[in-house]
Structures are given as C-alpha cells and as structure tokens.
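Given next are the chains, with one letter for each unit.
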Amino acid sequence: MPKVIENVGCPYCGCSCDDVRVTVSDDGKKVLEVENVCAIGTEIFKHGSSDHRIRSPRLRQPDGSMKDITYEEAIEWTAQHLHKAKKPLMYGFGSTNCEGQAAAARTMEAAGGMLDNCATICHGPSFLAIFDNGYPTCTLGEVKNRADVIVYWGSNPAHAHPRHMSRYSIFPRGFFTGKGQKKRTVIVIDPRYTDTANVADYHLQVKQGHDYELFNAFRMVIHGHAADIPDEVAGIKKEQILEVAEIMKNARFGTTFFGMGLTHSDGRNHNIDIAISLTRDLNKVAKWTIMAMRGHYNIAGPGVVWSWTFGFPYCLDLTKKDHAHMNPGETSSVDMAMRDEVDMFINIGTDAGAHFPIPAVKHLKKHPWVTIDPSVCMASEIADLHIPVCICGVDTGGIVYRMDNVPIQFRAVLDPQGLLTDEELLNKIADRLDELNAQEA
Amino acid sequence: MAELLIKNGHVFDPISGIKGDKADIAIKDGKIVDKVSNKAEVIDASGKTVMAGGVDIHTHIVGPKVNLGREMRPEDKLFRGDFRGGIVKQGKRMEMGFSIPSTWKTGYSYARLGYTYANEAAMPPLLAPHVHEEIRDTPIIDVSAMPVFGNNWFCFEYIKNKEIENNAAYIAWLLNATKGIGIKVVNPGGTEAWAWGENCTTIHDPVPYFEITPAEIVKGLIDANEYLGLPHSVHIHGNNLGNPGNYKDTIDTLRLAEGVKTKNKFGREQILHNTHLQFHSYKGNSWADFESAAKEVMDYVNSNKNITVDMGQVTLDETTTMTADGPFEYHLNQLNHIKWANVDVELETGSGIVPYIYDKNIKVCGIQWAIGLEIALYAKDMMRVHITTDHPNAGPFTRYPRVIKWLMSQEAREATLDTMKWKDKVIAASNIASMDRELDLYEIAMMTRAGPAKALGLSNMFGSLAKGADANVAIYDLNPAKMPSDPELIEEAFSNTAYTLKEGVVVVKDKKIVAEPHKYTIWTKVNMPDNAQVMHDIKEKFARNYTVNLENYAVFDEHVHNARAIEVEVA
Amino acid sequence: METVKMTLVQQPELFLECYSVTPDKFAGKSLAEIADLPAHEGKVQWKLGDFFKFEGKSGATAADTKIVVNGDVRRMKRFGQQMTDGEIVINSDADMYIGGWMRGGKITVKGNADSFLGIAMEGGEILIEGDAQNHVGSAYRGDWRGMSGGLIRVKGKAGNDIGTAMTGGTIIIEGDVFIHVLTHAEGGTVIIKGDVEGRVGGQLVKGDAYIFGNLLYPLPGYKMIGTVEKEVDGATYTFDQYIGDLGERKMTKKGEIIYGNIYLKK
Ligand code: SF4
Ligand SMILES: [Zn+2]
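Protein chains in written order, with numbering that gives the first Met the number 0: chain A, 0 to 440; chain B, 0 to 570; chain C, 0 to 265.
Heads up, some of the hints might be wrong.
In silico DSS-like pairs for lysine-lysine, Cα to Cα no more than 27 Å straight-line [stated by the list, open to error]: (1) A:Lys83 - A:Lys320; (2) C:Lys249 - A:Lys237; (3) C:Lys42 - A:Lys427.
To list a few chain C residues with every Cβ distance to chain A over 10 Å, as calculated [said to hold, decoys possible]: (4) Lys56; (5) Gly141; (6) Gln202; (7) Gly225.
If you are wondering where the hints come from, they were derived from the structure by calculation, not from laboratory data. These numbers come from a predicted model, not from an experiment. Just so you know, even glycine gets a beta-carbon here, dropped at the ideal spot from N, CA and C.
Same shape as in the complex, but just chain A:
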C-alpha cells in the first residue's frame, strides 16, 4: 500500500512551504506523487528515488577516474586532509538542515579552518547591512494578516519564489486583510518589467545600479525635504516619487521584500542599509517592516546556527582555536579563493564549481577538494573526493529556517537506504579530528 505523508516541507526555495503531500511506495523507496508544490520542488522529491543516485563515496585515482570507497575511508581521507591543511575552507549549505550546519561548525572548529555559506554570494550584503543598521522585520504571517502596502524591491518572486505572493503577501486573506489583493497596494521597484511588476499597482523602473539614490529621495520626503528632491532621481520622476512616498507613509502595515537586484548591484550592502534606514524612518509615521528574499529553503539556517555558535553568521575564520573572526572582504570564500588564501576546499550542499568565478575555482583546484552532495554536479565532478549524503526534506528531516527566520520542522519521506546525513557524516569527521588533535597534543 502506498503511504501518504502530509505536512511535508519543500526543500527548494526560501518560502519553505510546509504543506506538501507526498505519496511514497510501500517500501519507502519510491516517491509516487507530490502535491501542493511547484514544479521544481517536485523534481527534488522525484530525484530522491531516482535509480541514478550515487550511494557510495568516490575517490579520484591517479589516472583521473573515480573509484567507489567506503564511508569510513572517505571520513578518514577528509579528516586527515583537514588536519594537515593550514587553512581549509568549508563552503556551501544551500541545502543542508541546521543539524548538519551545527555539525559543520564543530568540524571546522576542530579543523581550525574557514567556514562560509552561500550567503557569501547572494545575501551576504544583507548581513553587512544588518550588522551596520539592524533589521526591523516580522514573520510572513504578519504580512499575510496585516499588510496593506507591499513593496518588492529588486526581487521577483513570480520567478524565484513561486508561492510567495499567494501564500504570504499579495493574495492571501488574513485576519485584518479579509479582502486579500483588493485592499493591498503592491509596488514593484525594478529596472526590468518582471512578471511580478505585472501584478503591481505601481512599477518604478529605477535606473540599474541607482537604487541608493531613489532610497535617498524617499527618505528626504520623510525628513521633510520633499521640496528639495530633484525633478528626476534614478530615472524616476519626482511626482511619482512623491506619490509612492505618500502611499508608504499612509500604510497601516507595510513590508519591503528585497532581493538580489539590490544585493548584486553597485554598493551592495549599502543598498540594503539605506532600505533599512528608510524602514526606520517610515516607522515614525506608519508601521513598516523589511525582509530579505532568501533564496534556498534553509539558507537562513547557517546564519542562525553559526550566530549562536560563534556570534557570526558567515565568513568565519576559525583558524585561531580560542576565538572566531569574521570580516567579509577578507574572510569571504570568493575573496579567499581569488587571493589563493586557502589550501583545502570542502564544498557541501551547493555547487561552487558552477557558481564561483573561474579563477577562484582554478586556485581551489590546486588543493584537495571534497564535495559533499547528494547529487552529481560540477563540484562533484571536479572533486578529489565526492561523498553522497541524504537529501534534507527527502531522506532526512531536521530543522530549517524560512526566509523570515521561522524554524520549520522538516520530515523525511524516503528510507535513506544506508546514506549518511550531513550531520552524521560531519560528526564522524569531527570525532576523527578530535582524535587526531588529541594525539598531537
């Protein structure tokens, strides 16, 4: 008899929807049907029971081929190389549960290395802005139940977060928002006419790379200097700036959702920083919150876990055993790889092979490279050692943090059939490192 498992979390985008229904075969090895989920989410569940899944670690041989080895051998190889390296880097965590991220922290502390997550190439600038200016935010239910003005700035949920608008922001009928979309004003600020702009009441087509100036103009309105705004700012006419500012000021509850359009254009963190300043300003006259549209279902996780562990969310330098250091620009993965500053690389739960600049990959390739990933990807194919693990949300559960830092408890739907979880694997590596460190001391 096939089994139906309800309230399953979707291990894809930062919406971390927890209402998926998965039907699996009697033996728990095959996914038969997936409901309530976007196409891409379905893919992940289906992949979980694919016959092509790699189930054994593979070590590169002198002739360049890959040979299956046991988990024990893979753990030993990794621990020995971590122990030997002066400055190993572990990077990734786009698809790892928090338990795995906590085990990674333990491993890299024992190894005395660098630890970073993919925020470093997506929402790292948001962290920098939070460091400098704070984060007046809320959970997504507050938006659903209260928000009457919604701004998507440099973000395009219609594409990147398919159910964001229907579950959380524009369309749902919440406690104080029983009329749904009808009573909400939606403002999209984006140089492109996106699918999200298509459902907006206002689309401000800001000049690429000049969002900072537009934020500055909005802030001038709040600070009583509307008259001093030039006729056009960042490609937007003054009248339109004033009109939209008026809507923001009169919101009962407003939220700004920002995305990579801000974090990936000039000034990066400063674009978010001034967005936070604007949110602070708006709270003088209205109620406003702001939220990063985090990409993956648990990419908020490492920032949360490592903050309680070390006090820093990413770009961690754990090489000095008594204390951690962080300074993006110095301790960020891409910067270190570009500068050839590390001598071992562990890529976990994301594809650095595909996402890092080519010179960075070339530098990293000179040194031992381990990829820990359930799937075959560029990083697994250029690695010296590929260790397959469970897929979080499919073969293992665990806690994940949604884009609003709400913890969601994921469930396993498939039998892991002997695969280790990230947590189990990393704890075994850390145990071995503890032994090696003890021997040395």
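Let chain A serve as the given structure and place chains B and C with the ligands on it in line with the hints.
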C-alpha cells in the same frame, strides 16, 4: 554508585535554614543525600563558602531575539578573543561574545559563576524549535523557557469572553507544544498595538481592535495560572517599561494580584513575579527630572507577600537590550540612534533589539544603577527579591559578582559613585548614598538560588542543599569567618568558583571547565482532559491565520534536548 | 629613535598575519625576542623569525622604535595593528589592515595597500605612496564608531567605502575613488583630489567631503547653498558648498541644525 562528600565548608542554604555553619554535604547518584559511605570522594571545602547551584529566574540566553542580537553585533566580539586578550578555550568549544555570549560561552560562564540553572525569559511560541536548538548547544546548565502570552490572540479572545477554562486549556496546550515552563507576559497588549505602530502605556489603554485592556489580560492570565496551579506564577514585564513616571503603572500592575490565592503543590507563595523591577521604578515627568521610585515600589512589594521581583540591575557596561516589548526598543532607538532590530511574530508577540551603552558619565544611567541597588537594599524579605541584570538588557549576567559586591559593600557602591561625572545629581535623584545596609552571604544565597527556585516552584530540585535536591553545588573561595576587607575580593570570589558541581559531577574546578555532563530542558506538563472547543479554535486559527501548519508547530520530540517535565494534574 | 630592520627571507605559502609587527611589541626587546614573536599562517602559529631576519635594535619604548620592513610583503597582513607610537616604514606593497585600530605613531608604505587600511583608527598618521583598496578608515563590521582621529593620506587611488561611519580625523585620497564616501559618518573629513563615481555622504549625519575632480552622480539629498573659499591641505580654493544628507537625521547645536557638507571645487 558515584558518591561525594563536600567537607567542612561554610554552608549557606536558606531552604534548609543553614546560615554559614560548618557542615558536610553528601551526594549520591546526582542527588543530595543524608550520608554517604566512606568510599565517597571527598572535596575539602574548609575555609570556603558552599551554596546550592545558582538559579537565574530571568535571563535572555537562547532563542531568536538573543541570536539576532548576536548576529547583528559583530563588534560585540571584536578584540575579545584569545590572542587579542580574552578567554582561552577551556571546554569543548570556543567562547565568543561579551554582552550576548555564544551558547557555549553562556553555559560555561554560568557554571564558572556557580550557576547550574537558568530560565530563558521569553520564548515566542512559533519560534520554539529555535529556542530548543540553542538549549541543546548550551552546555552544562539546565535551561527552561517561558513562552510569552501577553499579546497572544487566543488569550485575548478567551479573556475577553471570560472563558477561564478555555484560556487555561489553551495555555496548557501551548506549554506542551513549545515545551515551555510557565506564563510570561511582556508589555501586555502593547506589543500587539506595536504591530500597528502603537503602544499601551497604562494598564487601561485598550488594545487596538481586540477591545481588551492590559489589566484584563494580566488578570485573565493570573486566573488561568492559578486555575492550572502551575509551578511558577505569572511572570510579568508590565506596561510602560523604561519611562519616567512609570512606577505608578508598576504599582497598578502589582495590585492586579491582590486577593488572588494560590493552591499549587510546589511550595510557591506568590501570585505575580515582576521582573527587572529597576526598569519599572522611575519617577519624574521626563529624563530631565528623572528620579528613583524604588522606595515607593518596594514599600508596596514589602507589604504584599503575593509578589516576588527581580532586580534588573544596571552594570554600567556597553550591552545589548532585547525584549518582546517591541515599542520600547523602537523608542530607545529613537534616543540613541544606533542600530535597531524588530521582529513581530504572527498572532503571538514581537521583539526588538538595540545596543546600549550604560555610561557612568550619563546622569540617567547613574540613577538607573542606583535604583536597581535600592530595590535590593530596601527589601525586607530577600527570598522575594532576586538578583538579575535582565541579561543582557541592563548588563551581562557575567557581572553578577559585581552586583553582589555592590550589595555587600557600601564602600564598593561609593567607589562606583565616585567615578560618575554627575555623582551629585545621581545622589540627589536617589537614596543610594544614604543607604548603609550591607547584605550578608545568607541573604545573597536567598537572592541567587533559594528565592528564585522557590518562586519558580522548583525548590525541591534546585537552589537547595536539602535531601533529595539535585546535587548542584557552588563552592566559592571566600571564607565567611574572614571576609576580605577589600570588596574587590568579593567580586573576584564570586566570578569563578573553586568548584561547581552539576548533578554531582564536578564541572568547574579551580575556575576552569573540567566536564560537560548532560543537562536538562525543564518544562511543565499539564495533564488535563482534552478541550474540544479549544482544539477547534486552534485548528481554525492555523487554517486561516498562521503560515505554518498546525502539525509542524509543536516542537517534535526529537528536537527537545533531554526533556525533564514538571507534572501538574488538573481535574 | 632606534631602528629595527626586518627583511623577508621566506615567503609564506598562504598569507601571514603580522599583528606582532608594531613598535609597541618590539620596544624593549632584543632581536632574538622580536624574532620569537608570533605570526599566524592560517591555523599554524609561526615566529616572525621564520620569515624575517632582523637587524638593528629596538628602542626602550614604542615612541623610540622605528621598524623598517624590506622585501615583498604583499602577502602579509596587519602591520602596525593597534600601534600607539613610533614608526613603521614598509618598502613594499602590503596586505590588509595596515594600521588598523591605530592610536598613534606613523606608518609609511612605499607601495600599495590592500583593504581595511586604518580601520577604526584613533590617531597617528598613515602615508600610502601607491593605491589603496576598499574600506579606508572605515569602521569594523557593525560598529558605529569608525575612524575617529589621525590622518590617512593615499597618494594614488582608492576603491569604495572611504571613511564609513567616520567620526573624526582626516582622509586624503590624491587619486580617484569609486563609490561610498563618508557613508553613515558623524564627523571627520575626506578630501578627494581626483574623481568620484558617486554616493558621497549618503546617510551622513555630520562630516565634510572635499572633491577636487568630478562627482559623477551626486545624491539627491544634497542641496547647494553657495560658494565658499576654503583652505584645504595647505592651499586655498573656491568651492560650491552643498549641505545634506537631507534624508538623514540631523543634530542641532544651540537651536541650529548641523548639516554635513560636500565642497565641490569650482
Ligand atoms: S514556493 Fe518554493 S518552497 Fe514553496 S513549494 Fe514552491 S519551490 Fe517549494
Ligand atoms: Zn527580560
């Protein structure tokens, strides 16, 4: 079986009434016992002070807002590491952070201070799995967490409709779902109002839309608490925190407990615990004529046995304020303009975070410092007045030894006053300079272990060296027969124990972490019949208003670390 | 003043953290003791003597101690970190954090400096004869207390984030700058003799910027109020004066609002 004998120490144990006499403490299998065999391992405590492990009744150490505080303050970690002059790794993990320590540093630091149990003061129910993840990673000490109820839509509706039973059943359900210990109230109604950018500054300000007042909320929660007979009382951070003139609102809040009786089985006597009383004891109309109202508030507390309080002592450090009182943090940020975080949580609560520097050269900070100490020095029953810094709000808990020094030594208070730029104004706005009371070690034991344990309804387990209690013991290098004349030595002695024992295991020896045994998550399990109406209401709210499915809301058992339930039966 | 000459004899494989290279750490020590001071390459703790040979002699105090660094030290960070007095001359490019958290004394770099030059500096003087990268005289991440005193002069160009959260002191960049000058500042002066792409004085409470070249994209939050003559870096020029950031909070002094200023050379 593991046996231990702590010999010849000067024991201070208010629960069993031992006031510094030389006594031996026997331990077997993690519990205090009458006697042990001659095979017991012996710890020589002669010339030392022996107390039960410390109990922190109110601290912010785990969970979402604590952690956002850590995340947003990298500078709290700058130059505080080892080769730049900080703590060398002693335990399994490194220790980071000053005002908001990492979970690892939190556990180790409490243990070094001789504390073995801490009660996290604010758990947003929706975010409970996060709290429990951090409890798992906080070593050595037992931890409990209080879910916040003062702005919860379910409670609003039940209280408005005068459905005490349903309110109680919902609270019982939520304690179970979140593995929480008791009822916390923060700015009742005011945080809900803050979701619209407003506030409730008196207990009679109506909450927007819900048509209920803070007074009704507090009263309703007191009634539910006593209906259930929970181990702890309602634990309140009232309205109008941190504003000049608020002492009247504080006394109004305390009065809500008048006439209520408790029938709990845990030996708890109070009906209401008012936390961080310092922040609620302000006179004046503005910061210009700001004054201490410690006397007025403590007069009320002293004459009403149904109240317990903790200090919320300002330590004059750079720290991080964080509370579920969202509007307070916003207004604080309007004063100091540093960074501001805020997290409103659907249907339940909110929170804010602002770094803050309690500068001894700022008049208001000096007066706040004086008010906290006055609260303790005016107190008549030290079992009902507990030492806290509302960590990290008024200062980090690692400053408890300094607070103890100030309480035990007028000379130390004067020395601190002397460093203040506006000393004369601080003296004029408070009574601190004229108070010559110096607390003794027995009173300190009441304020740091016996009293808080009793108020939490846990004095048969914690804060006690009586038979049957958990063998949590702190041994300080302080000889009561020869108290040092230099108050700095008092601070030093309380900063690092000679020994800390957790359930009979030596976890600190000679000021260093030496073991990290297992620890518990303490929570309250209410056994009561199912309430169909409440379950129906819960299902409906989850279907309509929450963004998380009901089935994923309660913390899964596998995410609760070493749960230890305090059971309550309700017929 | 006594001089210690340190010459590179061994390149590190990765990058070396030379936080011990300050007059404060060298003062009063023999050459052997100096060679024994720690330096980190990743998790490996070396001694300075593993990479440098030392000659000369240190003074009794930091003020009496000058350090001359020879050899290619572009893969070495943290020279002069937290120094309080004395002098360092680096005859090479050098890596990040030169003079970070510096409180006094003087550092001269004959080549280029990497990022985080003079971050959170409180006093003293830094002269870079070449270019600098990003975050010159900025605050450490999250800190609202950036550079508060002293002088940084870069003869070449610099990147972005010049004087972020600055509260005092002076930064002079003789070449061009990219973006973000005096962002979040509450004081201090930045003089740019070349061109700037934009974002000068954004979210600025207080502080002064002087720009001799072009400011390609001025922020809307600045308004011209007149033309003034000012003496800047030893000479007098005429500037158009702009006040702002009109989108940021402002302090008042005796009832008068204090604005930040951008002076654009005519
Ligand atoms: S919106 Fe995102 S998390 Fe939700 S089902 Fe679609 S892909 Fe999955
Ligand atoms: Zn508190």
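We went through each hint and held it up to the structure:
1. A:Lys83 - A:Lys320: 15 Å, holds
2. C:Lys249 - A:Lys237: Holds, because 23 Å separates the two Cα atoms, which is no more than 27 Å.
3. C:Lys42 - A:Lys427: 21 Å, holds
4. Lys56: Nearest chain A Cβ is 31 Å from Lys56 of chain C, so the label holds.
5. Gly141: Check fails; 4 Å does not lie beyond 10 Å.
6. Gln202: 6 Å, violated
7. Gly225: About 15 Å separates Gly225 of chain C from the closest Cβ of chain A, which puts it past 10 Å; holds.
In this structure, the hints that do not hold are numbers 5, 6, in rising order.
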